[in-house]
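J.: If you want the building blocks of each chain, they are given just below.
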Amino acid sequence: MLDELRELYQEVILDHGKNPRNFRDVEDATSQAHGSNPLCGDQLVVYVKVGDDDIIQDVSFVGKGCAISMASASMMTELVRGKTIDGANHMFDHVHHMCTGEGEDVDVTEFGEDADRIGVLSGVREFPVRVKCATLAWHTLKAAMEGKEEASSEA
Amino acid sequence: MSDGATVTKDSTDIYDVERYRRDFPILSKPMNGKPLVFLDSAASAQKPRQVIDAMRYVYENEYANVHRGAYALSADTTTAYEGARTKVRDFLNAAHSREIIFTKNATESINLVANTFGRDSLKAGDEIIISTMEHHSNIVPWQMLRDQMGLVLKAVPITDDGEFMMAEYEKMLSSKTKLVAITHTSNALGTVTPAAEIVEKAHAVGAKVLLDGSQAVVHMPVDVQALDADFYVFTGHKLYGPSGVGVLYGKETLLDAMPPFMGGGEMIAQVTLEKSTWAALPNKFEAGTPMIAQAIGLGAAVDYVTEIGMDRIRAHEQDLLTYATQRLSAVEGLKILGTAPVKAAVISFTLGDIHPHDISSIIDRAGVACRAGHHCAQLVMDRFGVVGTTRASFGLYNTRAEADALAEALETAREFFG
Chain C
1 MLDELRELYQ EVILDHGKNP RNFRDVEDAT SQAHGSNPLC GDQLVVYVKV GDDDIIQDVS
61 FVGKGCAISM ASASMMTELV RGKTIDGANH MFDHVHHMCT GEGEDVDVTE FGEDADRIGV
121 LSGVREFPVR VKCATLAWHT LKAAMEGKEE ASSEA
Chain L
156 MSDGATVTKD STDIYDVERY RRDFPILSKP MNGKPLVFLD SAASAQKPRQ VIDAMRYVYE
216 NEYANVHRGA YALSADTTTA YEGARTKVRD FLNAAHSREI IFTKNATESI NLVANTFGRD
276 SLKAGDEIII STMEHHSNIV PWQMLRDQMG LVLKAVPITD DGEFMMAEYE KMLSSKTKLV
336 AITHTSNALG TVTPAAEIVE KAHAVGAKVL LDGSQAVVHM PVDVQALDAD FYVFTGHKLY
396 GPSGVGVLYG KETLLDAMPP FMGGGEMIAQ VTLEKSTWAA LPNKFEAGTP MIAQAIGLGA
456 AVDYVTEIGM DRIRAHEQDL LTYATQRLSA VEGLKILGTA PVKAAVISFT LGDIHPHDIS
516 SIIDRAGVAC RAGHHCAQLV MDRFGVVGTT RASFGLYNTR AEADALAEAL ETAREFFG
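So the sequence lines, in the order shown, correspond to chains C and L.
Heads up: the first sequence at position 3 corresponds to 3 in this note's numbering, and the numbers run straight through without jumps.
Take any residue in the second sequence, note its place counting from 1, add 155, and you have its number in this note's numbering.
Calculated from the structure, these hints are not laboratory results.
Keep in mind that the hints are not guaranteed to be accurate.
Distance condition first, Cα-Cα at most 27 Å in a straight line; then the derived DSS-like pairs of lysine-lysine [as the list claims (entries may be wrong)]:
| id | chain 1 | residue 1 | chain 2 | residue 2 |
| --- | --- | --- | --- | --- |
| 1 | C | Lys18 | L | Lys490 |
| 2 | C | Lys64 | L | Lys259 |
| 3 | L | Lys278 | L | Lys326 |
| 4 | L | Lys331 | L | Lys278 |
| 5 | L | Lys278 | L | Lys356 |
| 6 | L | Lys331 | L | Lys356 |
Here chain C stands alone, though its shape is the one from the complex (with noise of 0.2 Å):
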């Protein structure tokens, strides 16, 4: 039992969990969106800041959840940051694929050492009421870089 829970709350988890990075707003953010787990009540709202250059320059978020929503959340910030807007989009895909199976496998060469640090969230494929945990930062981001203002867990 422990076994399976450690391949879930993997350290590097319970860390972001508990002092999640990039915990903030960000002022001069050129695009924002909330997103929502209706099914928890879980709320996020995560900020970017995109260059002219396409490159995400800062990303940050607020909000409430469980340790999985608030971790990957965390290193999402971490993980996107000066990636261009294609890049972050591979990436939501690759944790799209990765976290409930579905979509496209995503190439992670290109991902270089960050592959390694996504794969800390694949424990969710195990407990699937949790999938939505992990993603609904993604999504949001996506909403975020797309002008979109509202994401769900449930879309």
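Add chain L to chain C, keeping to what the hints say.
T.: Only chain L this time, still in chain C's reference frame:
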């Protein structure tokens, strides 16, 4: 019922929980490789073989549409369906079977009252009183009616223990109050409200009262005449019956005066192109083919709990409540929300700052099923300043050992997030 399904009665008054557990096939199925510890009956209870068999019996032996065919099979089905109504009448001690309306669930029962009694009897400026510990199903229909009709909706606050604040309620009551809609037992906190007193005070100002008994009928004997409730609603699936069937009890004079809820077959006396006239109670409120097998299944569930005895179920669950409260209180960092002196066997709690969903995932691996989240009672969560809680709710089949299993699983959760 003619399938011979009955509960074997104890020769003594000892509550033989192991015997009752054997009536519930799912309780012997493992969960995540562990024995299932099911502590979520407040969301939906498990079903005894007697209910499952009764529904199977209908489909295998006596199924046809009700109130329609002139042939024997349809008459048998109708007898069984109406027999279930009589069982519910006895269960609630209603004066007449025609005061028992079968609906889809408690939510539909409340919406029925809002859309018939509410629309017909209330006018702009009239007031409806609810409480802050209502389930969303006893908030949202009244908000919708308020917005449509220009009504005023007030909510009686609760104390830090989760008790209904009677003095605040008395201040809200006036000649403008037309309806009071209050839970008989809170799903999120377990609080049993002083329903008879609430009814009496409402009647003193001429208001009618709807009691939401979804969480009450499962834990204790309920007598709608003793309560003097005008409307009393509950759902079947929390009472060990099937989903898809609920009950609206209403006093005959009120139901008679109310317009129909939905139009269709079964609810009419006569139809011409110009106009239709309505069937007598209860058919006036049961448009279309009803939930036949589900109603019969609910009848079997009522038989089942009645055979055990609601008094004995209450005594058993109160013992579990006391024991589990002590056991959980010993878990470091655990805080129970809802500590009213009179409460049902429902324990809502937080554990440090661990999110309820994380707790739920961890204890699930130990085979323990609890509800996590806002429990469709966001006003309660706001009142206590939490996004959600973990909730353990106990039914007639739960044991002290299961409370131990929960407490041990919570210790594991603490280790993880400690």
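J.: Provide an ascending list of the numbers of those earlier hints which the structure does not satisfy.
T.: 2
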